[in-house]
Each structure stands twice: as structure tokens, then as C-alpha cells.
Amino acid sequence: MTEPYLERLCAFSRILRQEGLDAGPAQTADAARVLLLLGMEDRERVKTAMRTVYSKSREEQLIFDRCFDGFFLPQDVIEAKLRKQREEQVRLEQQSREAEKELQLNGQPMDFSPEQRSAYAAMPPEARQRLQGFLEKYRGTAERNPKLYGDFIHSVFARAIMEQQLLMENAGLGGLAADPEIGILYRDISQFREEEIPKAISIIQSVTRQINGELSARNPGRGEGGKLDFRRTIRRSLETGGSCNRLCWRKKRTRRKRLVLLCDVSGSMVQFSEFALRFIQSLNQVSDSSRTFLFSETMTEADPFSLENMDLFRDYVRRSGIYGRVTDLGSALESLCGKNPPVLCSGVTLIILSDTKSVDLSRAAAALMEAMRHTGRVIWLNPIPQNRWQYIRSVQTMASLCQMIPCSTLQELASACRRISRS
Amino acid sequence: MTLDQLKHWLDQAHYIYDETLATVLYVALELGRPLLIEGAAGVGKTEIAKVMAGVLDRELVRLQCYEGLDESKALYEWNYQKQLLAIQINRETVDRDGLTKQLFSDEYLLERPLLRSIRSEKPVVLLIDEIDKADEEFEAFLLELLSEMQVTIPEIGTIKASSIPLVVLTSNRARPLSEALRRRCAYVYIDYPDLEKELAILRAKLPNADDRLRVQVAQAVQKLRGQEAILKKPSIAEALDWTAALEAMGVRELTPKILKTTAGFVLKNNDDIAAAFSGEGGDMP
Chain A
6 MTEPYLERLC AFSRILRQEG LDAGPAQTAD AARVLLLLGM EDRERVKTAM
56 RTVYSKSREE QLIFDRCFDG FFLPQDVIEA KLRKQREEQV RLEQQSREAE
106 KELQLNGQPM DFSPEQRSAY AAMPPEARQR LQGFLEKYRG TAERNPKLYG
156 DFIHSVFARA IMEQQLLMEN AGLGGLAADP EIGILYRDIS QFREEEIPKA
206 ISIIQSVTRQ INGELSARNP GRGEGGKLDF RRTIRRSLET GGSCNRLCWR
256 KKRTRRKRLV LLCDVSGSMV QFSEFALRFI QSLNQVSDSS RTFLFSETMT
306 EADPFSLENM DLFRDYVRRS GIYGRVTDLG SALESLCGKN PPVLCSGVTL
356 IILSDTKSVD LSRAAAALME AMRHTGRVIW LNPIPQNRWQ YIRSVQTMAS
406 LCQMIPCSTL QELASACRRI SRS
Chain B
-8 MTLDQLKHWL DQAHYIYDET LATVLYVALE LGRPLLIEGA AGVGKTEIAK
42 VMAGVLDREL VRLQCYEGLD ESKALYEWNY QKQLLAIQIN RETVDRDGLT
92 KQLFSDEYLL ERPLLRSIRS EKPVVLLIDE IDKADEEFEA FLLELLSEMQ
142 VTIPEIGTIK ASSIPLVVLT SNRARPLSEA LRRRCAYVYI DYPDLEKELA
192 ILRAKLPNAD DRLRVQVAQA VQKLRGQEAI LKKPSIAEAL DWTAALEAMG
242 VRELTPKILK TTAGFVLKNN DDIAAAFSGE GGDMP
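Line by line, the protein sequences give chains A and B.
Its first residue numbered 6, the first sequence is counted upward by one per residue in our numbering.
Its first residue numbered -8, the second sequence is counted upward by one per residue in our numbering.
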């Protein structure tokens, strides 16, 4: 293989490494060998052969395909891309000049960072027009009270820009969502359509099977660290005329966790709570016993039969009269702490499924601290994507008090369950 | 061997493959890498090893994995009974060291699939089936074999492979496999076949069945797989069973009535059958 080809192959390996694939020198050498054998005339064949060498799972195959399609391009496609890129750059520069003109308040530039300015420039024209409309609509106030006008307009612009930034951040997460099978794992749970729910449930079943499999593989209970099982050793030795060739060991008893689940079922949280409960309940290797409490304005203990399927769960939540009410986490935690006989005690792990949006945040925080005093451990599963946490005060408050795990997608929910089960 | 040669052999074995699978098999063979095949149950992962054994004219050595599988079942075991008998017989012997050496020789070694595959004079195809069912310790134990093609027996020492076997590992993704194991393998994921490939498989495996029936079965199976509400999707094996059953019943056309009465061949739980025939799901061909 000639020098330029090898250089290009090494550069491709570096890109794959950056994307998290195991693309070391051995893999590059294998890829070169395969290319020498197969030739480079057939693009699809080259792609398949190199995919076999570099990617070691289905997820990695998707990453590889994305990298390959972006790296090995025909000459005309490269030229077209460059042309498009230049046009896009010109358009962006023009947009940013227009944005600079628009982000003026009383003749002075508004106080926004360069990132916020570029987010504003990337906003669709109609959204920017709406903001300019605001500017004009309240211009009369500017003469009466310039400070109030300035603060108000700034807050309106800041909010719109923040939403745009969130949209841009989310757009960058779509890589793995291209595959219909895996994609559902990486999508926001609250965005699932009704017809996708059976698929999501089957994925949950498969992932929980995996987690249970991992746990049973990790605790086979036949290690030699325990006590000698004398009776079984003697019985086995009868096979070999009484000589104890192979020793038998007692299984180590593993103490499983006692879980208390506190689920927010107010309006938009129902779908997430249902998925999360399904996940946790099906982890039969994790918990010895679990009790589930549902709350919104008040709290009620869930009947285990109501958790068997989604329809039963939703009916149960509606019948219990707590659906669609405001969320009062403080009151729920207080009544949980006040239960007699006690629900929260040492050795119990309290898992809270909530988006932290609650009335009377300070009372909720105090109740959470009280609950932490009662119980061994508190884990908060939050369906709000982690990149938004910095903008929400209630999330920041609660995250500073207990361990909070992001769970906006099934993939995150699965890794949260793994963390719960391992700890 | 060239890729075209491999394809020719696969054709001769009447194996239905696509370009991707042929390339992957060729790469694994040429690099001498174990091939890790993942995919849903019943898509033909095990079949690949069987076909490769036939195509390459090699013996197929199969190791079925399960929870608790250890090296005494997979690699070797000493024949304790025979050793005890030998001790009894040679009780009066003076050369104790010689006896000990003899007791741990090949004569008393019970070969299990892994050892058999690397000690075979002629190269074999070693199928390690459902590796995800085995424990993590067993996976770690396989690493030496997969990367160095050798195994170590404490009493004998390291045994290097007399011939390099083609190793095929299959997994249903019941649990994620370790990075170390994956790194040593060439990887391929097999999905359910499309209509064209499914029909080609039905034609190849059931040459005597009515072609109209095969088309209808293939279309019905594709449609069933496309239904979100069906959790256990019908596999290729089930499509073959279904066609064979319909053929045996003398059915020439798949009517809704026949579909309902024979659905048990293709859908293996009650919820899936109910989902397939209820409401919008009932409009199968």
C-alpha cells in the first residue's frame, strides 16, 4: 500500500479513536491488509470490510458508518460540500451582521455573550421578527421608564436565546437516533409516540434481561471464597472412591436491597414514572422488596397489581385522584417520613422519580434532608436532560442535596438502574 | 482463497447470503480472527458456523455455553476414576515420580471441545454458541485461546494449536460482552432478512413447497415483524416451520382462517397472537 493511502488510513483511525472506537495500530494494520486483499474499487465492500475490523458492537457500527461516510467521499461530493460550506459561511456572516444590528437597545448593544449572539443569529427569521415586534410594542415604556423597559426586553430576549441554545444542543445528540432499533434508546422518553410504547417496553424487557444477566454473571455464588460445604464434598467424593478431589463450597448469601420508590405522577411525569417503574420492578436481581408511593399534591401507596402494565397503571393513577394536580414534594416526603410503622429506615434506598418542579421548594428541600436522615441512601432519577439542569434552580438545589442521575432516555434509565444495582 | 471463491463455495452449499456477510466471513478467515456474530434469536447465527464447516470441509466442534460453564466442561478434565484405578493397580510400584507423571499424561486427559479443536491435526470450525449465557469468568478464560490460539493446563503446560480453527462465537445480546473479548474478534450483526432474502431462503430450504405459498408466508412474516405490538418477532426458523406445516396440511393459499389456525407456528405467545389479529393488526395478507 502506498504512503498516501496509509497516511489517509491512519488519519481515519485517529478519527475513529476520537469517536471512542478501539482503533489502535493493530486494527489499522488489519484494515490495510484487508484493503490489499480486497482492493479499493468497490466502496461498499471496503466499508463492510473495514467495519468488520474496526467496530465491535452494533452501536460502534453506527459510529463507524457515520465516520466512514464523512471521511471517504468521492471527489465531486467533496467539491459540492466545499461549495455548500462556503455558501453557508457567507450566509452565517450576513446573519450575524443583521443580528448585531437587531441586538441593540436604546442605541447600545445588549449585554449578551458571543455564544448567545450566535444563537440569536441562528434563530429562524420569524422568531427574530417576533422579538423585534416586542421591542417595538413596548417602545412607549422606554420613554417613561427606560430601566424597566431595558430589563424586560433583555429578559424576553435572554429566554428566547436560551431556548434556541437548548434546541441547538439537542440537535447535536441525534447521531445514534438514526437506527430505529437503537434510536428509541436515545430519545427523550416524554417524546415517545403512543405507537412507539410497545417497542419501548420490549426494549426495556431486553435491557433488564441484560442487567439481570450481568448481575447473575457477577454473583454466580459458586466461588471458593465461602465456607466449605462438607456434606456435598463427601457425597461428591463417593464418585472417586472417597478421595476428595473436588471440593464444594457454600454459596455466599447476597443481601439484596430494600427499595422505596417515590414517583411523581403529576401530568407530564406519568409516562416517565411508568417507564422508570417498569425498569426498576423488572430488576428481580436488585431488590428483595420494594414499595412504591405515588404523589402529586398528596401521596398514596401503589397497589403492586396496578404496576403490571401501562393501562392498569394509568387507570390506577387516575382513580387515585392524584393525576393532574400540582406537585408537592415536601408534603409527600413529610408523610413518608411520618409513616408508622416506619417506611424509611437504615438499609432502605429511597429512589425519587421526579423532575424537581414542586411548590414550596424550600419546604421540599428541608423534607428531603429529613428523609436522608432516616434512610440509608437517596437517589434521584431526573427525566430532565442534564444539559438543561444549569438553567433550572430547583434541579440545582436538589442535586446539591442528594445523588441525582439524569434519566431522560431509556439508555440513561438503564445506566441509572445499573448504578443502583451495583452500588 | 479469494472473495469470489468463497462466494462460489457458499453458492454450492445453497446458502443464502448477502454481500456484507460474505465480505465479513472472508475478512475473518483471511485475518484469522474469531468471528463474533450478534443478532436476535433465530436469524441464522449458528447456521453460519455449520455452513462454514461444510464449505471449508472441516469438522464442526460445538461448545454450547450456559451459566456455570467452566473449564472442566469446556477445555479438559482429568479422568479421576481411571487415575484411581491406576494408583490401585500400581500400588506396589517403586517409581512414584514416574507414576505421578504417568497419571497426568494424555492417557488420563478427557478432551473437551476447546482442547479438541486446537489439538486437531486438521483445522476445524469451533462454534462457541450463546457466549452471552456463560459467566464473565469464562469469557476471560477464553481470551488466551482467542488471541494466542493456545491454552494452559497447569499439570502439562501450554498447548499451542496444531492447526488454527475458525472460531465462531454467537450471542443474543442477553448481556454485554467484555471489551477484551470483542477486541479480539471480527464483528457482525445479523438482522432479520428482507422479503427478497427470506423468499430465497424459503425456496432454498423448502424446494418442494408451492411457490405462491412461500411468497405469501414471506410477506406475512415480514408484516408480522413490522408490527410494533408483537414483542417476539418471528424468526427465519419459524417461517420455515410454518411453511412446512402449511405444505403438510395441503394448504395452497393463506386465508385469514388458515392464518388464525396456524399462527402458533410463527407466533409463540398468546399476547403476540392477540396483537396480530386484533383491530388494525388483523389485516395480514
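Just so you know, the hints here were simulated from the structure itself, not pulled from any lab data.
Worth double-checking, as some hints may not be accurate.
Lysine to any residue pairs mimicking SDA-like chemistry, simulated, CA-CA at most 25 Å apart [claimed, not checked]:
(1) 64(B) x 241(A)
(2) 232(A) x 59(B)
(3) 204(A) x 216(B)
(4) 223(B) x 70(A)
(5) 188(B) x 73(B)
(6) 204(A) x 264(B)
(7) 188(B) x 254(A)
(8) 52(A) x 197(B)
(9) 73(B) x 189(A)
(10) 224(B) x 62(A)
(11) -2(B) x 264(B)
(12) 196(B) x 250(B)
(13) 256(A) x 59(B)
(14) 52(A) x 170(B)
(15) 52(A) x 188(B)
(16) 124(B) x 190(A)
(17) 223(B) x 238(A)
(18) 214(B) x 241(A)
(19) 224(B) x 241(A)
(20) 204(A) x 196(B)
(21) 224(B) x 243(A)
(22) 73(B) x 209(A)
(23) 223(B) x 241(A)
(24) 188(B) x 63(A)
(25) 64(B) x 237(A)
(26) 92(B) x 189(A)
(27) 362(A) x 346(A)
(28) 64(B) x 80(A)
(29) 113(B) x 85(B)
(30) 224(B) x 190(A)
(31) 214(B) x 239(A)
(32) 73(B) x 240(A)
(33) 52(A) x 124(B)
(34) 124(B) x 254(A)
(35) 124(B) x 245(A)
(36) -2(B) x 42(A)
(37) 188(B) x 70(A)
(38) 224(B) x 254(A)
These numbers come from a predicted model, not from an experiment.
Hint check results:
Between the alpha carbons of residue 64(B) and residue 241(A) the distance comes to roughly 17 Å, so the proposed pair stays at or under 25 Å and holds. Distance check on the hinted pair: residue 232(A) and residue 59(B) sit about 19 Å apart at the alpha-carbon level, within 25 Å; holds. A distance of roughly 12 Å separates the Cα atoms of residue 204(A) and residue 216(B); the hinted pair therefore holds under the 25 Å criterion. Annotation: proposed proximity of residue 223(B) to residue 70(A) is violated, straight-line Cα distance about 28 Å (limit 25 Å).
For the hint linking residue 188(B) to residue 73(B), the alpha-carbon distance of about 53 Å lies beyond 25 Å, and the restraint is violated. At roughly 16 Å between alpha-carbon atoms, residue 204(A) and residue 264(B) fall within 25 Å of each other, so this suggested pair holds. In summary, the hint linking residue 188(B) to residue 254(A) is not supported, as the alpha carbons are separated by about 51 Å, beyond the 25 Å threshold. For the suggested pair residue 52(A) and residue 197(B), the alpha carbons sit about 34 Å apart, so the restraint of at most 25 Å is broken.
About 58 Å separates the Cα atoms of residue 73(B) and residue 189(A), which puts this hinted pair outside 25 Å; it is violated. Straight-line distance between C-alpha atoms of residue 224(B) and residue 62(A) comes to about 21 Å, which keeps the hinted pair within the 25 Å bound. Annotation: proposed proximity of residue -2(B) to residue 264(B) is violated, straight-line Cα distance about 39 Å (limit 25 Å). Taking the CA atoms of residue 196(B) and residue 250(B), the gap is near 22 Å; set against the 25 Å cutoff, the hint holds.
Taken as a hint, the residue 256(A) and residue 59(B) pair is honoured in the structure, with Cα atoms around 13 Å apart against an allowance of 25 Å. The hinted pair formed by residue 52(A) and residue 170(B) meets the criterion: a straight-line CA distance of about 22 Å does not exceed 25 Å. The suggested pairing of residue 52(A) with residue 188(B) holds, with an alpha-carbon distance near 21 Å, which does not exceed 25 Å. Under the criterion of a C-alpha separation no larger than 25 Å, the hint pairing residue 124(B) with residue 190(A) is consistent with the structure, at around 23 Å.
Pair hint residue 223(B) plus residue 238(A) does not hold up; C-alpha atoms about 43 Å apart against a cutoff of 25 Å. Pair hint residue 214(B) plus residue 241(A) does not hold up; C-alpha atoms about 54 Å apart against a cutoff of 25 Å. Between residue 224(B) and residue 241(A) the CA atoms are separated by roughly 44 Å; this puts the pair beyond 25 Å, and the hint is violated. Of the supplied pair hints, the one linking residue 204(A) and residue 196(B) is violated, its CA atoms being roughly 31 Å apart against a limit of 25 Å.
Between residue 224(B) and residue 243(A), the direct Cα distance comes to roughly 48 Å. Violation of the 25 Å bound is thereby established for this hinted pair. For the given pair, residue 73(B) sits about 51 Å from residue 209(A) by alpha-carbon distance, which is inconsistent with the 25 Å threshold. Distance restraint check for residue 223(B) and residue 241(A): the Cα-Cα separation of roughly 42 Å exceeds the 25 Å cut-off, and the hinted pair is therefore not satisfied. Taking the CA atoms of residue 188(B) and residue 63(A), the gap is near 21 Å; set against the 25 Å cutoff, the hint holds.
At most 25 Å may separate the alpha-carbon atoms for a hinted pair to count; residue 64(B) and residue 237(A) meet this at roughly 20 Å. Pair hint residue 92(B) plus residue 189(A) does not hold up; C-alpha atoms about 60 Å apart against a cutoff of 25 Å. Between the alpha carbons of residue 362(A) and residue 346(A) the distance comes to roughly 29 Å, so the proposed pair goes past 25 Å and is violated. A threshold of 25 Å between alpha carbons decides the hint, and for residue 64(B) with residue 80(A) the separation of about 56 Å lies outside it, so the pair is violated.
With a CA separation close to 40 Å, the supplied pair residue 113(B) and residue 85(B) exceeds the 25 Å bound. Proposed proximity of residue 224(B) and residue 190(A) is supported: the alpha carbons are some 19 Å apart, at most 25 Å. The straight-line distance between the Cα atoms of residue 214(B) and residue 239(A) is roughly 58 Å, outside the 25 Å bound, and the hint therefore fails. Taking the CA atoms of residue 73(B) and residue 240(A), the gap is near 19 Å; set against the 25 Å cutoff, the hint holds.
Between residue 52(A) and residue 124(B) the alpha-carbon distance is near 31 Å, which puts this suggested pair outside the 25 Å criterion. Simply put, residue 124(B) and residue 254(A) have alpha-carbon atoms about 22 Å apart, close enough for the 25 Å limit, and the pair holds. For the hint linking residue 124(B) to residue 245(A), the alpha-carbon distance of about 30 Å lies beyond 25 Å, and the restraint is violated. Proposed proximity of residue -2(B) and residue 42(A) is supported: the alpha carbons are some 15 Å apart, at most 25 Å.
At roughly 23 Å between alpha-carbon atoms, residue 188(B) and residue 70(A) fall within 25 Å of each other, so this suggested pair holds. Annotation: proposed proximity of residue 224(B) to residue 254(A) is violated, straight-line Cα distance about 42 Å (limit 25 Å).
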